[in-house]
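Got chain C sorted already, so can you dock chains Y and Z onto it with the hints?
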Amino acid sequence: MTTAETNIEYEGESLKKRLDKAMFASRRRAFLLVLPLLLFVLVTFVAPVLYFLFQGFYDPTFSRIMPQTSAQLAEWDTVSEPDEAMYAALVADLVDARKAKTIGKVATRVNREKAGTRSVFTSSARKAAKLEAPFKEALIDVKKEWADPAIWEAMKTASNTWTLGYYANALDYRQNADGSYRRQDASRRVDTEVGFGDWSFTVNLGIHQLLFLRTLQISLMVTVFCLLLGYPIAYLLATLPLRTSNLLMILVLLPFWTSILVRTTSWIAMLQSQGVVNDLLVFFGVTNDDGRFSLIYNKLGTLIAMTHILLPFMVLPLFSVMKGIPPSYVRAAKSLGATNWTAFWRVYAPQTIPGIGAGAILVFIVAIGYYITPALVGGQDGQMISNFIDFHMRKSLNWNLAAGLGGVLLVIVMFLYWLYDRIVGIDNMKMG
Amino acid sequence: MKLVTKLAPAALAVSMTLGVASAAEITVVSWGGAYTKSQVEAYHKPWAAATGNTVVSEDYNGGLSEVKAQVEAGNVKWDLVDVELSDAVRGCDEGLLETLDINEMPAGDDGTAAADDFLPGTYTDCAIGTIVWSTIYAYDSSKVEGTPSSIADFFDTEKFPGKRGIRKNPKANMEMALMADGVPADEVYSVLATAEGVERALAKMDSIKDQVVWWEAGAQPPQLLADGEVVMTTAYNGRIFNAVASEDKPFEIVWDGQVWDLDLWVMPKGAPNKEAAMDFVKFSTDTKRLAAQASWISYGPVRKSSSSLVGSFHDKPDLKMDVHMPTAPSNMKNALQNDFEFWADNQDQLNEQFNAWLAK
Amino acid sequence: MSLPAYAGWGERLWYYTFRVLCGLIFLFLIAPILIVLPLSFNVEPYFSFTAGMLSFDPDAFSLRWYRDILTNGMVNPEATTGWWADVWNNAQWVRSMRNSFFIGIIATLIATALGTLAAVGLSRSEMPYKKQIMALLISPMIVPLVITAAGTFRAFSEFGLAYTHMGVILAHAVLGIPFVIITVTATLVGFDQSMVRAAYSMGAGPVRTFFKVQMPLILPGVISGALFAFITSFDEVVVVIQLASVEQRTIPRQMFSGIREQISPTILAVATVLVVISIALLTTLELLRRRSERLRGVTPA
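Same order as they appear, the protein sequences are chains C, Y and Z.
Take 1 as the starting number for the first sequence in this note's numbering and just add one per residue.
Take 1 as the starting number for the second sequence in this note's numbering and just add one per residue.
Take 1 as the starting number for the third sequence in this note's numbering and just add one per residue.
Hint data in this document are derived by calculation from the structure and do not stem from the laboratory.
For every residue, glycine included, the Cβ atom is placed at its ideal position computed from N, Cα and C.
Worth double-checking, as some hints may not be accurate.
Partial list, computed: chain Z residues near chain C (C-beta under 10 Å) [claimed, not checked]: (1) Phe18; (2) Leu27; (3) Ile30; (4) Val36; (5) Asp59; (6) Ser123; (7) Leu136; (8) Thr152; (9) Arg260; (10) Val270; (11) Ser278.
For reference, chain C alone in the conformation it holds in the complex (with noise of 0.2 Å):
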């Protein structure tokens, strides 16, 4: 007979492992009943993502394709004359890809460090075979380039199989060949204004660099005139009767569940310059039939869509924190003297500031991903981020650097994901 709280025991186990052992059977049963959808979700979402994602750190093109050239490469100082023995592996290498037909990925590899570089591979490699020592003067006479060290240093950051250079690229900084970085070439960089009137001031951006900041720009716009927007029927829909608010509820949802095609298509009928508002403003003689605005396919088209899209998003979280807020407690401001203005301002605002937080980074987060609208009518200067990924995936093919510009983009919108977390909290998401 020792203490009381181990001596319990029933049918031959003390009672705290019992419970122990129950604690973790249910535990256990729990999580199995999550197990299928954490893995299913594992294999078709997050590991095509990581797997993506990782690709803008390896690129094993060059080397596995100019296995011999890209061993010498390792050697190379990248300062001294590339000598016979870099040439001679670069023929032998040029031979093998022009017969495996591989000497365009491997030309178009290079190209991307080095742009016209492209025909210098493809034209050598048909008369590689025919070459003889010594191949440095032989190659240098079917291309004059090849003495150049220029295409060598571009040859050397491409056989980096594993690379920071296109994590680099899409923040505009390119890789020299020993390693270091170098600000993308003054051809590729434009002068932007930042910031608003007296506050502007110019600086210099490369393209990534420009359309990040675009992209903020244009979310954090879209994200404020749906607060602008959402705040007022919100709070109409939080104060009026429930019958009456379930209905003007339907005026909120109905668009919600319309589908973004088709709310982008009836924006273009409404916004080209045949369409209905141009009509509209020609027929009240706001303007004439040659003065007609220009509302859509430029960037004054995303941040309407946009908007329009995305109001739902922040009305009904603003809806069910307005819904839970006393009106008593407005009352008892008043009645103690307060006015209108500072009863809503000083009482009711303060409460619904939860709700601001939850709409604003929801609208936040969708935004800065956006791809459909700005495509569909973003015109020039409309264009966001997601549109170049997508013109890098399925245009330039350079899934690198897709890869890249996504890593960058993703960073910002988890970064985004855990202040919601620290504000609102993932498991006080709602729906409709």
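For chains Y and Z alone, kept in the frame of chain C given last:
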């Protein structure tokens, strides 16, 4: 908007009644609109009738991206693709395309071997040419006062005010901008190969940038003109010709500074119906078929033996086609052939610079 | 928030201004959806109201774009026999519609089955790492679609799933999961766990308990989660652009290229059909919500 057109005359009826589907079905991908229609009428329908096979016709907007994606995904859906020369060369280099042997193509109607009957440079290791087409600019004569006649007029919004339509792509635009800026056609690519040349082209385009409506699909420019969204637009010459010929639109083509190119058949590596597709290539590039296509759209056949057979528009016997071809001598006075090697080399860089310029 | 009788003129002015303001915002929300309805009956191939339409001239309206939905892509629109079979097999929009429903329904079934099960587990207090797992399961809703599309495309290519129905279905199922998790866990928040214990103590096994006790109560949540999952798939275009070939082309995909390439009022007719579908879904959802409130004893004030 025809994305998939199924053609199965006799074959469909047979397989429906007998309940068997023995005939092949090939997927042929092209540029859509009036151009695809010309191919459907001149190639697909007669081929389907002759062989009992089916052609599924799909549209795309050019480029190798889908082909590359399918080949690398190991799940090729397309049998034949109608591509520009630069893409044909690039695709071949990257091992994305099957080899197509010119010697397997039928001889010309006059007995000339295919290799001699095709115009020089209109076939490669992986591609068989079909037509010569051109990027030109066209205007709506009911909206433009005066008669634009030179490529410089397109960039002159003071002389000819109104919105301009331009393809959202540096190809052909950079060349046109330089020619409008006074660069002779034969020097365009050597100028464009320099950083200053690119700057110069972009600066020329800058002068009309705020007036530009960008288009992406070949079917868009006639639509933009018809809707009054633009008064002048660059376009593929056949699209404008068809809008005029079939819909009586008041559009005029300006040939000065045209940039011409080839369209060729290529077969993605691992195409699912190689044999039937190969048969289709042979069928569609024979002398008669190429000439027949020219009666549906104003693109010139690449076989020497076809040119004498080119007659008039399919439903308008008075409308002779030859003067509307990009290759007609009167249209070639100041013309430039698209330099596929230049674009294969500089496409990525110029795309980036063009995008940076667009985003400005 | 009715206006009290003692309100001053300033308050009255504000009261009405506020209402007008809200009215305008509601108009902004709903006008674009309503505008497509009349425009889709336009006899002209334009996106704008013609003079005839404004004067209600019957000749200015037609069903031609709805006919176009059925006939575009048909082998033989003039045929007298087998017309509907031709529509069913070959008309582009009809094929896209079939793809949309097929992909949407199967993706919804997968998302709902796995999601409901997981939500039941997640709502148990003894669930380990609840917060982290929840964050992971909701992330498909947060990660930008372009990244999801690129990732699934690259990875699915390795397993031959790109350009297949299965690939699109799997990707869409993942996108629907967060909605199922959120709605089902929300209904489970008010769920009284003692009912499960009661069922156990009366000898019911876990499966029986789930279907007889929990399921009827969370059913409205499950169905609305399923509806969300369905509409997510039904409306999704970014992943389809990347992952689908013409055989898997869905309605939004078809609309996307239609808008980019050749705008014709057929798109407006399709849009109208889709609006009607959304109204049907919304009504179902609203009825479910009421039923759920009744069941849980919440009565509307």
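Numbers of the earlier hints that this structure fails to satisfy, in rising order: 5
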